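Build the complex: two chains, separate frames, hints provided.
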Amino acid sequence: MKDAPGTSGLILEEPLLWEKGKKGRNGMSVSASDVPAAALPEDLVGDGPDFPDLSEVDVVRHYTRLSQWNFGVDTGTYPLGSCTMKYNPKVNEKQAATPVIAAAHPMLDDELCQGTLELIYKLEKHLAIITGMDHVSAQPAAGAHGELAGMLIIDAYHRSRNSKRTKILMPDTAHGTNPASAALCGYKPVKIESGKRGILEVEDIRQLMDEETAGIMITNPNTLGLFEENIREIAAIVHEKGGLVYADGANMNAIMGIVDLKKCGVDVLHLNLHKTFSTPHGGGGPGAGPVCVVSELEKFLPYPRISFDGSEYSRDYNRPESIGRIHAFHGNFGVLVRAYSYILTMGAENLRMASQLAVLNACYLKVQLKDYLHLAYNRPCMHEVVFSDKRQLEHKITTLDIAKRLMDCGYHPPTIYFPLVVSGAIMIEPTESECLDDLDRFVAVVRRITMEAMEQPELLTNAPQRFKVKRLDETRAARQPCLCG
Amino acid sequence: MKELEELNLPEDLVYTKDHEWARLEGEVVVVGISDYAQDQLGDIVFVELPEVGDSFEAGDEFGTLESVKAVSELYLPIGGEITAVNEELDDAPELINQDPYDGWIVKIKPNDPGDLDKLLDRNGYMGILKGDE
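These protein sequences, in sequence, are chains A and B. Per our numbering, residue 1 is the first one in the first sequence, and the count goes up by one each step. Per our numbering, residue 1 is the first one in the second sequence, and the count goes up by one each step.
Treat each hint with caution, since some may be false.
Derived Cβ-Cβ restraints for the label pairs, each shown as a range [as the list claims (entries may be wrong)]:
no.	chain 1	residue 1	chain 2	residue 2	range
1	B	Glu-5	A	Thr-7	41 to 47 Å
2	A	Asp-309	B	Glu-48	51 to 57 Å
3	B	Glu-88	A	Ala-477	18 to 24 Å
4	A	Gly-282	B	Gly-131	35 to 41 Å
5	B	Ala-84	A	Arg-391	42 to 48 Å
6	B	Glu-25	A	Thr-75	53 to 59 Å
7	B	Val-71	A	Phe-329	20 to 26 Å
Keeping only pairs whose Cα atoms sit at most 27 Å apart, straight-line, the calculated DSSO-like set for lysine-lysine is [claimed, not checked]:
no.	chain 1	residue 1	chain 2	residue 2
8	A	Lys-167	A	Lys-196
9	A	Lys-299	A	Lys-167
10	A	Lys-263	A	Lys-125
11	B	Lys-107	A	Lys-196
12	A	Lys-370	A	Lys-196
13	A	Lys-22	A	Lys-468
14	A	Lys-241	A	Lys-122
15	A	Lys-167	A	Lys-191
16	A	Lys-94	A	Lys-125
17	A	Lys-167	B	Lys-17
18	B	Lys-130	A	Lys-196
19	A	Lys-370	B	Lys-17
20	B	Lys-107	A	Lys-390
21	A	Lys-390	A	Lys-191
22	A	Lys-196	A	Lys-122
23	B	Lys-2	B	Lys-109
24	A	Lys-370	A	Lys-396
25	B	Lys-118	A	Lys-191
26	A	Lys-90	A	Lys-22
27	A	Lys-470	B	Lys-2
28	A	Lys-90	A	Lys-122
29	B	Lys-2	A	Lys-370
30	A	Lys-396	B	Lys-107
31	A	Lys-396	B	Lys-17
32	A	Lys-196	B	Lys-17
33	A	Lys-188	B	Lys-130
34	A	Lys-164	A	Lys-262
35	A	Lys-299	A	Lys-2
36	B	Lys-130	A	Lys-396
37	B	Lys-130	B	Lys-118
38	B	Lys-17	A	Lys-188
39	B	Lys-118	A	Lys-390
40	A	Lys-125	A	Lys-2
Since the hints were made in silico from the structure, they are not lab data. Treat the numbers as computed from the prediction; the structure is a model and nothing was measured. Glycine included, C-beta positions come from ideal geometry on N, C-alpha and C.
Extracted from the complex, chain B is given alone in its bound form (with noise of 0.2 Å):
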């Protein structure tokens, strides 16, 4: 497993304590989790996902990632209605530990994209997992 100093965690990012990742594409919100996360989990065999205008809380769960080692839920960065899911993880979930970043999972209209400032920098999120050491 990687040491803290390894992880890819991009500036352009802002994170949540659950180890998810959201980045403001225009007026959606692109959600994914980070490297840290799938480096703890392993091997992601399988991503179940939700519907397609599915609306959520932040923090609802929304879905479940099947690692060789367990299984995890998926919390909503932010609340908001989900306007497409990442098909291609359905037979290729390995895309998310190649490039967590680019293996997004679902991507949202958030009922207020200002949510996004409540969430967590890269350094904020450094320092959760620092605390988890």
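Next up, chain A with everything else stripped away, as it sits in the complex (with noise of 0.2 Å):
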């Protein structure tokens, strides 16, 4: 296709590190030993680990291979509905790598790591401003894991009043992990469908909501892109039942700075520090899924606390309600750096200009692509927005199909088959890093393989043709996994 950013190129073969190298070859000279030789005791004895011998020039083409096969936001647009693949600014990086930051020993006291703390709490502070909620802690290593933190701060809650509540909330737009998280602390979800403009029905909830369900976990905006506009009543009769709200911040991206959580009626909050904060997510490197409360639910945050006595930070370990430490040191501490630059960077108007042109831009997507893909919701969006492959199927194309050509051409492809209340999603989120001219490149190029989903549909069903592998054939890699190197 002319036009697409994507094209053919030669791709470098390259096999496993294990298959790679000769007996003999290493990557440095060890000199010869001048000491006599000694017998090692019997329990360090045995067969080495299995290593290749290889160069340092095996290895770094090895990587380097690798890395060209790959396709991050560093190398094109990458509109991973629900993921926020934003970019992830340099200067993040160089601060993260700053050596005073980054050689500081975990295990250093209080008063010699005093930097460490003061970011931690800082950046504690902000995340508080910036959603509204009045306590923060960064601790938690990602989304799931701050999920998990939050429902144990909520059952902590109910199990200090007594209360002994069974079941959760969950709409049926969440993300897995809700349910995951919330039966992970022994309570059962109850679904909860959707009402018939994509968000949550006040009437449903008073039905549903009830003296033995803890409280209710919910996404706003939703999974669909919609805001749910009945939050704050929604809130009010958990509360009048004694339930908690938690909020997914997954999709805080759209809402940055500009949606006050606390006065929404939310009482638990996670964030992404992966997602809305800007730094590296994916390649299953390390997230940060800070969990965020209202006052009346400190005393459970993870310890250690870090507090400021005006002249000196230091970990309070002095939490007797708290859920108990879940994560060792400082978390991930790494990111949290790259969060806390990319606010201090950004500053507070610029953080709320993010979320406007996060979701001016999936509005953009919207209007430009509704003639072309089936709108599953035709309702205003926030920062993403869901189509579905509705009109294509009556040619035979899928999904799937559209995915795999989009690669073709030079896209990362959209979220699909997500959210599962919308039959064959396409779930597209820009995010605010992408320009104008960059999305009319991909609204043309979407708009084209709609084009040729009726015309010439074997350059769908056929791609991607461009990439080191073909089509994976998905059912044998599920059925028959090949776990091992």
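Printed below as a string of structure tokens:
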């Protein structure tokens, strides 16, 4: 396709490290020993690990080639809905690599790591201001971990009041981690169906909420990219029955500094720094999922809490009602540094503007594409928009085919087949990182693909063609996984 | 995916709105998912089955199906006790895709076989599918 960023290029083959190299190769010259040989203790003797023999250049080329098969936010548009694959500013990397920050040993005593403690303390304060919540713990390692911490806090709250609750309300648009986190805390998820408008209806909550229900887990904006307009009324009903409101902050990028979650009635919220706050996301690398609470729940936050007495920062372990420590040392500190750098370099006004632009970009794509892809809910969207393959199905073209063809055209595919309430969902989240020119180029490519679906469907059903591996046999991969190197 | 008229929906079965089928065989009820369900799910890669001896009410979740697209819950069409599970599905979940009526999932001793009359016949189920469109 002309004008699309994707084109063909030379792809270099690369075997596994164990299939490379040759006996005796190595990456350094080790000096001959100048001390007499000594016998090793018996328990240290045995077969060494099975490492391949490789030179430095073997290893460098190996990883460089693997990286060239990859696609990331530094490569191109990555509209993976619900993941907020925004650009990660390099200044954050510079701060995180500063030796005094990066090299501080995690076991230093408080008086020797004042800077580390100060950074976490201030980051927690900033996150409280941005969300409207009262207190924050930056300890959880990622979103689902933050959810677990949050649900443990809700559980601790009910226990502290001798209130025995067994259920939790769960919208059908929830991320799969929500019911999983609640179930790990012993709560049975009760599904709430979204109303016709794609959001929760007050009456449904009124019918389902009772005094055996611990609360509700609600994502706002939800995974359809729609703002849960009834959140305050819903929160009031949940509170009336003694429950708490958990907000999943996965979609916080739509509302940073704009929506005050405490005023919405939220009691517990987690954030994904690797989504909203521009720290690297994906590849299995570490994230951070700070958990934010209202004052009444502060005593349950994970310990140690970092406190400041006006002159020194210290870690407070004397927290008898805390849910306990949930991460070693300072949490994923390198991620916290990057998020702190992002907040300081952006400033309050620009954080708000980032959310406004993220929403504007999604709305733009919605309007530009709605005559080409079926729009699941034709309502004002927030930071992401959900289409489906309903029109293309008439030509036996599915969401998967469209996603694969987009790859050939040089784009990371959007999230597909989620949320589950939309059959064949195509969930696009452009983020604020994409400029108008790039959005227009994306729009032109998607429109063209919908034409191809009618005129040259094999371009879609045979895609991708420009990759090292073509259409993968996902069924075989799932049924007969090969999990060894 | 199949058009509605391409679906294989045998006349001698009863169906649920959640796309399970049920068939009375002597004293037990055999349960599986419909052709429509397997077609919508796509290739099924894992089936989570209940234990023999477990008891459920009609409408209870009794297992899950994982396909390349999504994970879906299985709901029991009729209350009763699980008397058998199709263990072949552990190694060959594709049996459900190949023939959803031969690839049964569980057998139940129903609390009341008469409850089967409350389920949908082929026409009733087809009506629901048309409404889904």
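Does Lys-17/B sit within 27 Å of Lys-370/A, going by the straight-line distance between their CA atoms? Since the Cα atoms of Lys-370/A and Lys-17/B sit roughly 31 Å apart, the hinted pair is violated (cutoff 27 Å).
Between the alpha carbons of Lys-164/A and Lys-262/A, is the straight-line distance 27 Å or under? Distance ~25 Å between Lys-164/A and Lys-262/A Cα, so the pair holds.
With the threshold set at 27 Å, check whether the alpha-carbon distance from Lys-299/A to Lys-2/A stays at or below it. 59 Å, violated
Going straight from one Cα to the other, do Lys-167/A and Lys-17/B come out at no more than 27 Å? OK: Lys-167/A and Lys-17/B at ~25 Å, within 27 Å.
Hint consistency between Lys-130/B and Lys-196/A [alpha-carbon to alpha-carbon, up to 27 Å]: 19 Å, holds
Measure nothing beyond the straight line between the CA atoms of Lys-299/A and Lys-167/A; if it is 27 Å or shorter, mark the hint as holding. 23 Å, holds
Would you mind confirming whether the straight-line C-alpha gap from Lys-90/A to Lys-22/A stays at or under 27 Å? 38 Å, violated
Does Lys-125/A lie within 27 Å of Lys-94/A when you go C-alpha to C-alpha? At roughly 23 Å apart (the allowed maximum being 27 Å), Lys-125/A and Lys-94/A satisfy the hint.
Taking 27 Å as the top limit, are the C-alpha atoms of Lys-167/A and Lys-196/A close enough? 25 Å, holds
So if I understand the rule, the pair passes when the alpha-carbon distance is 27 Å or less; does Lys-470/A with Lys-2/B pass? Within the cut-off at roughly 25 Å; holds.
Taking only the CA atoms, is the gap from Lys-130/B to Lys-118/B under or equal to 27 Å? OK: Lys-130/B and Lys-118/B at ~20 Å, within 27 Å.
Starting from Lys-17/B, check that the Cα of Lys-188/A is at most 27 Å away, please. Measuring from Cα to Cα gives roughly 23 Å; hence the hint holds.
Hint check: violations occur at hints 7, 11, 14, 19, 20, 22, 23, 26, 30, 33, 35, 39 and 40; the rest are consistent with the structure.
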